[in-house]
Amino acid sequence: SQQGEEDPQALSIQEGENATMNCSYKTSINNLQWYRQNSGRGLVHLILIRSNEREKHSGRLRVTLDTSKKSSSLLITASRAADTASYFCATIDVGRGSARQLTFGSGTQLTVLP
Amino acid sequence: TAGITQAPTSQILAAGRSMTLRCTQDMRHNAMYWYRQDLGLGLRLIHYSNTAGTTGKGEVPDGYSVSRANTDDFPLTLASAVPSQTSVYFCASSKGLADGNEQFFGPGTRLTVL
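Just so you know, the sequences run in chain order Y and X.
Counting in our numbering, the first sequence runs from 421 upward without gaps.
Counting in our numbering, the second sequence runs from 13 upward without gaps.
Keep in mind that a hint or two might mislead.
Stated by the list, open to error - Computed cross-link-like contacts, DSS-like style, restricted to lysine-lysine with a CA-CA straight-line distance of at most 25 Å:
| # | chain 1 | residue 1 | chain 2 | residue 2 |
| --- | --- | --- | --- | --- |
| 1 | Y | Lys-476 | Y | Lys-489 |
| 2 | Y | Lys-476 | X | Lys-107 |
| 3 | X | Lys-69 | X | Lys-107 |
| 4 | Y | Lys-476 | Y | Lys-446 |
| 5 | X | Lys-107 | Y | Lys-489 |
| 6 | Y | Lys-446 | Y | Lys-490 |
Simulated from the structure, these hints should not be mistaken for laboratory data.
A quick note: this is a predicted structure, and the numbers were derived from the prediction, not measured.
Required output: the full structure, derived from the provided sequences and hints.
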């Protein structure tokens, strides 16, 4: 079963605009990761936010985490056509004991129009 | 640095035939993973290995087997392929257990079972 669910499933914006993607998860976590996947390629790690952090920045990326609402958001500022990709959140259910493996959501497909 | 390599890039396989998907990493990572990615379902973990000599079952292990004879290689075998195993398969690795460690992904193998 999927731990994280991204919203929206698809997002289309103009170059220069900001893009916001949301992720909701079901159980307690230690951290949440965001990944990016270009069409036909493997996933690339973008950023990790720990459960005791509320916000984290990396370049044009801003990630927030609200553990009380079990949700996270990924903001890409001043988007570029090259940001066109699918974005996934990934978490580990801390209740799964030794089987502490990442569970990915179904992703948000972002299209940035030039 | 090659990172993670997968072979073949793509394959068409007749139902009932066996096949081994190869995965090699040169980062000396302890943990390795196999995922399948299907449209609308995100990535689902098939099998994982936390260190050479050990393997574990993920979310969808049926019909697949793995081995981890050494640190670098983590082959995935389909003993008798079925059409429902048509998917894109990604191998990944991380320094240690998934929690708190980013995963590095290979380019994927696109498998079609007819």
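*Would you pick out the hints that fail for this structure and give their numbers low to high?*
5
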